[in-house]
Amino acid sequence: MAVAVALLVGTLVATGFALLLGRSILRQIIGLALLSHAANVVILMAAGLRGGVPVIGVTRGPLTDPLPQALILTAIVISFGVTAFLLALGYRMHLFGGGEDGDD
Amino acid sequence: MTREITVLPPLVIVVPLLTAVLLLVGPPRRVSRTLGLAAVLISLAVATSLVAVTRGGQVLVAQAGGWAAPYGISLVADALAALMVLIASLIALVGLLFTIAAGRDDCFVASGWQFLLAGINWAFITGDLFNLFVSYEVMLIASYFLLTHGTTRRQAREAFIYVAINLVASTFFLFAVALIYSATGTLNMAHLVERVPLAPAGPVRAGAALLLAAFGIKAGVFPLYFWLPHAYAIPPGGIAAFFGGMLTKVGVYSLFRVFTIVFPSEGPNVVLLWSAAGTMLFGVLGALAQEDIRRILSFHIISQVGYMIMGLALASQLGIAGGIFYVLHHIVVKSGLLLVGGAIEETQGSGRLDRLGGLARTNGPLALVFIICALSLAGVPPFSGFFAKLLLIHAGLAVGQRAVVAVSILVSLLTLMSMLKIYATAFWGPGTPPRAPARLVVPAAVLAAITLAVGLQPQVLYSLTSAAAGHLVAPAAYVSAVLGR
Amino acid sequence: MAPLAGVLAGRLRMHPGWVAATVPAGVLLATVVLTPAVLGGQAVRLSLAWLPHLDIRYALHLDGLALLFSILIAGVGLLILIYSAAYMPRERELGRFYAMMLLFMGSMLGVVLADDLVLLYVFWELTSLTSFFLIGYRNEDPAARAGAVQAFIVTTAGGVAMLAGLVLLAQSGGTWQISELLERAGTIQADGRYPAILMLLLLGAFTKSAQVPFQFWLPSAMVAPTPVSAYLHAATMVWAGVYLLARLLPVLGGTPLWTGVVTAVGLATLLAGAGLALVQTHLKALLAYSTVGALGLATALLGRGTPEGAAAAMVWMLNHAAFKGALFLVAGIVEHETGAREVWRVSGLRRTMPLTFALAIVAVLSMAGIPPLGGFLSKEAAFDAFLPQSWPAAAAVVISGALALAYGARFLRVFLDPRPQTGRPAGHRMRNHLPAASPAGGHAVSAARGHDPSAVLWGPTAVLAALAVAFGLAPGVLEPLAALVAEGIGGIPHPVTLWHGLGWMSLTVTGLSVAAGAGLLRAEPLAHGLAEAMRPLSTGRLYDGLAAGTLQAARALTGAYMTGRLRNYLVYIVGTTLVLVATGLVLTGVAAPLGLAGLESGPTVAVLVAMTAAVAATRLQPLLGAVLALGTVGYTVSLIYLFLSAPDIAITQTVIETVSLVLFVAAIVALAGTDAEGARPRSLTNGLLALAAGAVSAVLAILVADVSRMPRVSEEFLARAAEAGGRNVVNLVVVDFRGWDTLGEISVLVIAALGIMALVLRKARPVRRGADAAPMTSPILRVVATLASPIIVAYALFLWATGHYSPGGGFVGGLMIAAALVLRVEAFGGGRLRRRWDRLMALGLLIAAAEGLIPLLFGRPPLKHALLHVGTLHVSTSLIFDLGVLLVVIGAVMSAIRALVETG
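Residue numbers (the working numbering), protein chains in the order written: chain A, 1 to 104; chain B, 1001 to 1485; chain C, 2001 to 2904.
Next up, chain A with everything else stripped away, as it sits in the complex (with noise of 0.2 Å):
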C-alpha cells in the first residue's frame, strides 16, 4: 500500500511544479494547492499506514499514530487560509485590469 501512496505523492509532486512553473496565476494557485495536499498526504505515511481509527474504545486492535493526523489537520487549515489569500492576491493583480499572465 506504501507504494501505491508514495506514487501518489509524487505524482501531485510533480503536477502541482508543472502548473506552479507554468504561466497563468489560478493555475500556479491550483499548483500550489496539490503541492499541499501532497506534503499533507506524507506527513499520515509517517504514521505508518497500519492501525485503526484513533478513537479510544472504538477499534479493536492497535490505534494508529494519532500526531501526523493532528499535524495535517494543522496544515491543512492553514494551507487553506493562505490558498484564500492567494486567490485575493491574484484578484488585486487582476483588479486594474489587464491579463492573467503571471508574467510581465
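Check each hint, because a few of them may be wrong.
Stated by the list, open to error - Straight-line alpha carbon distances no greater than 20 Å define the calculated EDC-like cross-link-like pairs of lysine to aspartate or glutamate that follow:
{"id": "1", "chain 1": "B", "residue 1": "K1421", "chain 2": "B", "residue 2": "E1291"}
{"id": "2", "chain 1": "B", "residue 1": "K1421", "chain 2": "B", "residue 2": "D1354"}
{"id": "3", "chain 1": "B", "residue 1": "K1421", "chain 2": "B", "residue 2": "D1292"}
{"id": "4", "chain 1": "B", "residue 1": "K1421", "chain 2": "B", "residue 2": "E1345"}
{"id": "5", "chain 1": "B", "residue 1": "K1421", "chain 2": "C", "residue 2": "D2141"}
{"id": "6", "chain 1": "B", "residue 1": "K1421", "chain 2": "C", "residue 2": "E2723"}
{"id": "7", "chain 1": "B", "residue 1": "K1421", "chain 2": "C", "residue 2": "E2140"}
What the hints assert, rightly or not - Listed next, the stretches of chain C that the computed footprint assigns to chain B, with coverage defined by at least 3 CB atoms under 8 Å from CB atoms of chain B:
{"id": "8", "segment": "2052-2059"}
{"id": "9", "segment": "2574-2583"}
{"id": "10", "segment": "2843-2850"}
Since the hints were derived computationally from the structure, they do not count as laboratory data.
All C-beta atoms in this analysis are idealised placements derived from N, C-alpha and C, irrespective of residue type, glycine included.
With chain A fixed as given, assemble chains B and C onto it according to the hints.
Just chains B and C now, with coordinates in the frame of chain A:
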C-alpha cells in the same frame, strides 16, 4: 543547569498576540498607538530580563498545556533565543515609532505589526519542530498582510512571487517534518538531539537537506534568495526596516539552532561554506547593480547573510559566536539604514539615486546616522561591523579556511564601494533638498548609537554571544533543561 | 591619553582654528615632557582591557619610534592649524573641518602609539576615514567626491588585506600585542604562513604610502584644501605605511623576502614618483608625485633592514616634513593670493611676494639636497645606508636628487620671470582630476600679481623652512631620536652621527646631482615623451577600469538571473533542493521496502482516481476544468484519509475542499475571460524538473512510510487521554496536548481573513454597499433555509461539544455554522452579512489567547486546561479553547465572504 518552569518565555508571544487582537477591532488612533507601543515595550522588558537570566548559562523552559516534554510543546529561552527576542522587540519598537511618525499606522498596520512580532518571537522561543513550522506560517502570513495592503498591481505581482516561493518552502518543511518524525518518533528539538544519532540515516539526511532548503529560502541564502529584492522593495520605511532587519534572521536563527544541536557537523561544513561565499559575493554584486537605495539595501541583506552563514559553517565556537554577533550587529545596522532610506523616501518622494543630491547639506543628523550605519555595514571601525568582521576573519583563519576569508574581505571592500556610492551621490553633491523632520530621524539615530557603542566596547555583546554559542556547540545543558534529566 | 584627547576634541566644533590649535599644542607639550624618559631608554605604557575573551587590549606604548612620530604629528599639526586659521574661507562650515582635522590627528597618534594590533588597525582605518571626509570637504565639486572615494577605497583595499595579515600574525605569534611579538620573531619568520603575512601587511603599508602600483590616489587627493594636503598627504598619513614597516621590521624584517620586495618597490616608487613630478604643471600634483618619490626612498631604506637604514629613513622623513610641508604651504599661499594652481598661470611672483619666494627657495634647495641644508644630510645618510651593499640603490638616490632639483626649479617658475616663449609649457596631465584654477582666480596668463600674505600664513611656512635649515646646521637635535629608533631595530645601542664633514665622496655626488639636474631642465621634451609612452601603464587607469568593469559585470550578472519570473526562480530553488536531497540520499545508500504487498482495493482505486485527476488538472484547457480536477483530487484524498483511519481529517478536508472550490470558482468568475495558458508551449526544463521533483518525492514518501522502530512520543498521548478527559485522541492532541499549534493555526486564519479584507476592499474600512440586494425570491430556498439552518447549527454545536469523544471539534463545527449562515444569506439577502464578523473572529482568538495568558498570571503553564467533573461527565476547559476556534472559523470565513460580496 537548573530547570525552571517559568512564565517569561510565553509572554513574548502571548502579549503581542493579544494586543494584535485588540487592535483588530479598530480602536481610535491614540488608543491603538498606546496599546501597540505598550505591547512592544512589555516584550522588550521581558526580553531584557530573559537575557539577564540566561547569560549565566541558565535555560528557561515552559511547557504549553502543562504537558511535559517531549510529548508536549516546549517553549525554551536559552541565551541565543533571549538575545534574538531582545533584538526583535527593539527593532519592533524602533520601526513602530518610525511608522507612527510617518503617519502610516492605520489599524491594519498596527494589528499586523503585533502579529508579526508575535510570530517572530514564537519562532525564536519554540522548541518543537512542527511548532516552528506553525510559527513560520504565522510570521509569514503576517508579513504577507503587511506587505500587500495598499499596494499597486505591480507590487502585488512582486508580492505573489514572495508568497509562492514561501509556500514551496513550507512544503519542503512539511516533507522534512514527515521524514524526521518517521525516523525518530519525536518532534521536540531537545529530544531530537538525543535521537538523531540513533535514527536511520537516510530519512534524517533527506530531512536535514530539506530543512536546509526551507530555512535557506527564508534566510536569503545563495542560490535561494530571489524573492527577497522583490519583496523588500515594496513596503514603506518602518515596515521595511522590520522586515529587512528581522525576517531573514529568523531563517538564519533556525539554521543556527538546527544545524548545530540537531545536525551537528564535525569540522567546517563544506556545503554551507560554499553557500556562504556565493551569498556574500552575489549579494554585493547585486547591490552594485542597483540604482535605488531600497533595492541596494535589499541586496546587501543577502550579502550580509552570507557572513552569518560563514560563521555557522566554520562550526567552531569562535565561528558561531562570531556569526551570532554578526546577526545582532547586522539587524541593528540594516534596520537603521532602511529607516534612513524610509526617511528619505518620505521627504523626497523617491529613493532613486539619480533624483537625490546634497542631502548632507540640509539633513546633517540624517547624514551622520547614515554614514555611521553604512560604515558599520562595510566593517569599518570604530563601529560594531568591524568587530563582527574581525571575529569571522579570526575564526576563519584559525581553521585554515582561507578562501572564504578572502571572499569575505573582497566583499566588504565592495560593500564599502556601494555605500560610498550612495553617500557620494545622495548626500554629497549639489542640491538643497527638504529637511526630514526629527521624529523620522530619531528611531534610526537610536540604532546608530548602538552600533557605535558596541564598536567602542564590544565586550558586553561578545560575552553574550559567546555564551550563546557555547550552548549550541555543547547542547547538553539545553537538552537537560528541556527534558528534565 | 593623547589620541583620546584628539578624538574627543574633534567633537568641539568651535570656529577659529586657534581654539583647535590648542590641542596639538597640548600634545606637543606632553610629548616633550615625556621625551627625557623615553630617551633614557624607558618606554611609557598604558594598557586597558578591551575584549578580554580574545585578549585584545587597548594598549598604548611610547618608545623612540612612537615619540619621533608623535612630535612630527603634533608639531606639524600645530603649524597647519594655525595656517588654516587664515587660509580657510569663512563661509564654510568650519567647525566640521576642524573637528575632522583633530579627529585625524588623534587617529594618527593612535596609529603610532598603539601596541595592540587590533587597536592599530582601528586607528589606521580611522585615518583613512577622516581623510575621506577631509578630501571631500568641498563636496559640490565632483573632482573632490571622486578623489575622496578613490583614496578611501584604495587605502581600505590595502587595509582589509592588512587586517587579514594582522590576524594571521597574531595567530602565528600567539598574541595581539606588538611588544610581545617582538620576542617571537624567530617563530613567526619560520612559520609557513610568514610569506602570506608579510605580503598582506605590505599591501596595507604600500597602499597607505602610495607606493607603486598604488600611487595614483595621492595626486587625485590634491583636490583637498591645502592644509589637508600638507598635513595628511605630505607629512603624516602617508607616512603611516612607513611607520608600519619600521615598527614591524624587528618582527618580520631581515629575511630575503622582506629585503627583496620592500627595496624593489621602494626604489621603483622613488624613480617613478620623481620622474612623474618632473612633467607636472599643477603645483600640488607636482608636490604630490614628489612626495611619492620621497616615500619610496624611505621604503627602500627600510627594505635594507638595517639599523642604519631605519635611522636614515627617519631622518629623511623629518627633513621631508620640513621642506615639503613648507612647499605645500607656499603652493597654498600662491593659490590663496593669486588664484592660480598651475605653473604657467602666473609668473614673476618674486617681485610681489619676495618673502614667499625666499622661503620657497630654501625649501627647494633642501629638497634637492644642497648643503648645508637638512635635505643634504638626509640624502647623505641614505646614500651611506645603501652604499656597501647596493650600488643600484645608491645610484637611485643620486638620480632622485637630480630630479628633485629639476622639478624644484619647475615649481619655482611661478616666481621667475616668464620665458621668451610665453604661453603654456607642455604639461603632462597624468591621471588626476584636478581643476586648473580656483574659483576666485582668473584664467588668463597674467603677469605678476598678488602680494605677500599675512603673517598667519607665512609664519608656519617660515617655521618649516627654518627647520629645514636647522636640521642641516644643527643635526644634533635629530641624532638621539634616530639613534633610539636604530636601537629599536638592532637591539643594541646605535649612535647616529649625521655630519661627516664635506668628504670628497659627498661633494662629487652632490656635484653630479646638480649637473644632472641642470641637464634635465633642458631635456624637457624628452621627459614628456617618456611620460607619454608610459601612459598606458598608468595604474590609475587600471583602477578606473576595474571599478567600472566591476559595476558593469555586476549589472550584467544580476540582470541575467533576476528575471522577475517566478518560473526561473523556482527552477533554481527546486533544482538546488533536489540536488541537495538526492546527494544526501545517494551518499547514505538507502534501501527501502518496495513491495506491492498490502495493496487494498478500496484505497488503491482512490489513489488511481486522485492521480488521474491531478494529471487532468495540468492538461485541461478551460480553467473551470482544472479547478474541478483539483476538487476531485481533494475529495478523493479525503476518501483516502478515511481508508487510512483518519476520519477527523477526512471530514475537515471535505468541508474545506468545498469552500475552496467555491472560492476558486468565484475567482474564475472575477478573472473572467483571461487565460493565456492555451497557446504557449511548455518548456522542456519545466517538465523535467517537475518529473524529477515528483520522483524524488515518491522516494521520500516511501522512506517516510518505513517508520523506524523508535518509540513514538504519541504513545504518551494514548496513555494520558483519560487525564485530558477524552477518547478521540486526535482531537485531544489538537486542542490540548498540542494546543499551542492550534493557537498558531487560528492566528493564521485570522490574519489571512484580514489580509483578504485588505486586498479585496479598496479602503481600510469596508465600504457599505447595497449588499442587501434583492434576495433570491425562491420560496423553497427560504423554507429550506429556515428549517435547515437551525439543525445545522445545532449539529455543529454538538460536534464541537463532543469533539473529545468522537470525530468533530471546533473547527468542523465552525465551518458548518458558517455554511448555515451562507445559506441564510442566499435565501434572505445580505442583511446578515453586515455584522462585524471580524469582531467575532477577534473574540475567538482572544478567548484562545487568553487561555494562554491567564494561567501565566497565576504562575501556571500557558494553555493548561483543567478537568471538571460534571456528574458522570468529564469536561475539560479545553472546550473553551475549542470555542475560540469555532468563533474564529465563523468570523474568518464570514469576513472573507463579506469582503468578496461587497466587491462584487
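Against the structure, the hints come out as follows:
1. For the hint linking K1421(B) to E1291(B), the alpha-carbon distance of about 10 Å falls within 20 Å, and the restraint holds.
2. Taking the CA atoms of K1421(B) and D1354(B), the gap is near 11 Å; set against the 20 Å cutoff, the hint holds.
3. Of the pairs offered as hints, the one joining K1421(B) and D1292(B) holds, with about 11 Å between alpha carbons and a cut-off of 20 Å not exceeded.
4. This hinted pair checks out: K1421(B) and E1345(B) have alpha carbons roughly 18 Å apart, not beyond 20 Å.
5. The suggested pairing of K1421(B) with D2141(C) holds, with an alpha-carbon distance near 15 Å, which does not exceed 20 Å.
6. Between K1421(B) and E2723(C) the CA atoms are separated by roughly 66 Å; this puts the pair beyond 20 Å, and the hint is violated.
7. For the hint pairing K1421(B) with E2140(C), the CA-to-CA distance comes to about 15 Å; that is within 20 Å, so the pair holds.
8. Check result for the segment 2052-2059 of chain C against chain B: holds, 3 residues qualifying (beta carbon to beta carbon below 8 Å, three or more required).
9. Remark: the segment 2574-2583 of chain C is confirmed as covered by chain B, as 6 of its residues place a Cβ nearer than 8 Å to a Cβ of that chain, reaching the required three.
10. Look at the segment 2843-2850 of chain C against chain B: 4 of its residues bring a Cβ nearer than 8 Å to a Cβ of that chain, three or more, so the hint holds.
Checked against the numbered hints given earlier, this structure breaks only hint 6.
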